[in-house]
Amino acid sequence: MKKLMLGNEAVARGVFEAGVTVVSSYPGTPSTEITENIAMYKEIFSEWAPNEKVALEVASGASIAGARAFCAMKHVGVNVAADPLFTMSYIGVNGGLVIAVADDPGMHSSQNEQDSRHYARAAKVMMLEPSDSQEAKDFTIRAFELSEQFDTPVFIRLSTRISHSQSLVTIGERTDYQLKDYVKDVNKNVMMPAMGRKKHIMVEERTKKQITYSETSDLNSMVIKDKKTGFISCGVAFQYASEILPDASFLKLGITYPLPVELIKKFADQVETIYVIEELEPIIEEHCRMNNIKVIGKDILPVTGEYSADLLRKAILNEKISYNELEDEILPVRPPVLCPGCPHRGLYYSMNRLKLVLTGDIGCYTLGALPPLNALDTCICMGGGISAAHGFEKARGKDFDRKVVGIVGDSTFTHSGITGLIDIVYNKGISTIIVADNSITGMTGHQNNPVNGFTIKGEPTQAVDLLKLAEAIGIKRVKVVDPFDMKKMTETIKEETNTDEPSLIISQRPCALLKTVKYKGIAKVDTEKCRGCKMCMKLGCPAITFNDGKAKINDALCVGCGMCISVCPFEAISKEGE
Amino acid sequence: MSLQSIMIVGVGGQGTLLTSRIIGNVAINQGYDVKMSEVHGMAQRGGSVVTFVKYGEKIYSPVIEKGSADIILAFEELEAARWLPYLKEDGLLILNTQKIDPMPVITGTMKYPEDLLLKIGEKVRNFITLDALVLAKEAGTIKAVNVVLIGVMARNSGISKEEWIKALEATVPAKFLEMNMKAFELGFNK
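Line by line, the protein sequences give chains V and W. For what it's worth, my numbering labels the leading residue of the first sequence as 79, then goes sequentially. For what it's worth, my numbering labels the leading residue of the second sequence as 56, then goes sequentially.
Treat the hints as calculated values from the structure; they're not laboratory data. Hints may contain errors.
Now the stretches of chain W that chain V is said to cover, found in silico as 3 or more residues with beta-carbon under 8 Å [what the hints assert, rightly or not]: (1) 153 to 164; (2) 223 to 231.
Subject to a maximum C-alpha distance of 27 Å in a straight line, what follows is the list of computed DSSO-like cross-link-like pairs (lysine-lysine) [as the list claims (entries may be wrong)]: (3) V:535 <-> W:230; (4) W:192 <-> V:653; (5) W:121 <-> V:598; (6) W:198 <-> V:598; (7) W:237 <-> V:593; (8) V:598 <-> W:178.
Ideal Cβ placement from N, Cα and C applies to all residues, glycine included.
Bound conformation, chain V alone (with noise of 0.2 Å):
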């Protein structure tokens, strides 16, 4: 049977597939999709990480148990995981384990465009990278194969179109995996020096190995067609590239680390010009040159950025397609921006009056970097802005960090804030942290946390008390507050950056977008009433446009959350209907 799948749910299908027991992962965009599908299979243990360090360590315990183990994170999830990646390259597994990274070309939900090729070569990790859905599902099936066959952790890598693209995909059945044996063995599984120094050399023993494989493993694919013209790809660019490049020979590579050199040879022998085309890092194309290979690569082609086969057209064949545009119009930008309704909007409406500091980090909160809130002046990574803020307290003194505040979310909180928070106890800081606590990991798409007392399935669970937790690291300032009461926030926020002790604001309020968050009707402006003072325009809500002096409040898009109501002076803006 074929179905039209993303990459990331044909994945989450290999994982099925292949008789994996044991999912442990935290969301990030573009790889979601792939724990959320294997949290579907009821034969699968899966659960939601507070942060990839623990998804990865988790994994690693289970594939130690001898279980299938698997986690998933985007590209800079890896950083969090890659204590426990490198070390568990050398103790290799049990029962197979498997970590699909999904990178984001483009950044078009991301901080930065690092490749994870990068990772696959420094801890010696072997690396799949499909270029569809059908090959996502095939070579995560694949990927535990070889774990096994290599004593190794594999990675599957993706890229944002790859994880979110659709395409046909074959599916078969579920392998009835049996747990391996679990013995204890210290010098495999305990890394101390002694066994260290002895698991290094065996490692670079199995890389050897790999490299011979990959020589001659079908993950690799050589088409000789034209001789004048070829080209070397892996991933997504391997279809832009077939695509502008129909009868070029070309060489697949399905294996991205270690690379082949024989292989490539063999192609290089055959094919007069070669171009080596990957996304981002020229890593290929660096092998092909250590290996006195000569190609085209990076020379023509960019390393930032995503690809698309109008751009290897522009820059391979020289053509440029004409098509039609709007010569002289220039059309605003269309920018991410919080929602109709979202908690968010009131803590950096409140906020904005006192001119601070903000040191914030990743979630929807974010946002609030963009205009006409301008509120944030970091975004670093996901817990940074705590720490942040201490560092700012450290180098400009407690006068200045009267004026600082670091923001975190519910989500982000437990992934790397707690640390933060207890430094700054710790070395007896004074700053103002808030936790911008909408109950879901918004940005996304919904995912319960540690915070909201639900697990991946739904199910209730133990959740973390904030605020017992902020009184056992020793923080004695804890306030909860409704980020709807802009005016209580605005005093809160300044009491407690004016006090000489470290504090926490907890901002409480559910994200507009839970089906269990409903608000009333909708809201209208009076014209009469309305002076077009633009004091609402303030709170950059979407629904709130400006026309003819005259503030106007869109029914499509207005959730009636009320912020507007609240901040009108002139009380021109009401509920319909009350």
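Could you slot chain W onto chain V? The hints should help.
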């Protein structure tokens, strides 16, 4: 048949994803190779969103290039103008005449372009405009704007109406089916 490339463009939250899935299901039932590319994550938060559907004998890239879309289904006027360069010279543009101000217009740093329909009309030979919001309301929910537009597309697709209804039934949750069928008919008969 030769390759068909369809783009669905709009603003995050308008239901463009469901639309592409229904079109994709129709194409599979015809026995074609199908690829679709979607937008998830940050861009969905009220940003400019585009999804691609391609079907034919063999599809490589899941992405549509400039000058190569057979049909663009535009949920919003400014987005139609933005993605216009992707339309083939003789391609069909189906446009829902709805305007949603983007943030630079809301904050007053830019103006929503004037007379967009007129200007697009000068460029595009095959051009259908309609107010799908009104028809969706008539069907019972403003959320069915996407299904109204699918109705319009179905009529111009060269694929039988029954096939579209079959795909709709397979994609839409049962409890919303009646409303969506009504929306589809309103679009189809437009």
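How the hints compare with the structure:
no., hint, in the structure
1, 153 to 164, "holds (count 11)"
2, 223 to 231, "violated (count 0)"
3, V:535 <-> W:230, "holds (23 Å)"
4, W:192 <-> V:653, "holds (21 Å)"
5, W:121 <-> V:598, "violated (44 Å)"
6, W:198 <-> V:598, "holds (18 Å)"
7, W:237 <-> V:593, "holds (25 Å)"
8, V:598 <-> W:178, "violated (44 Å)"
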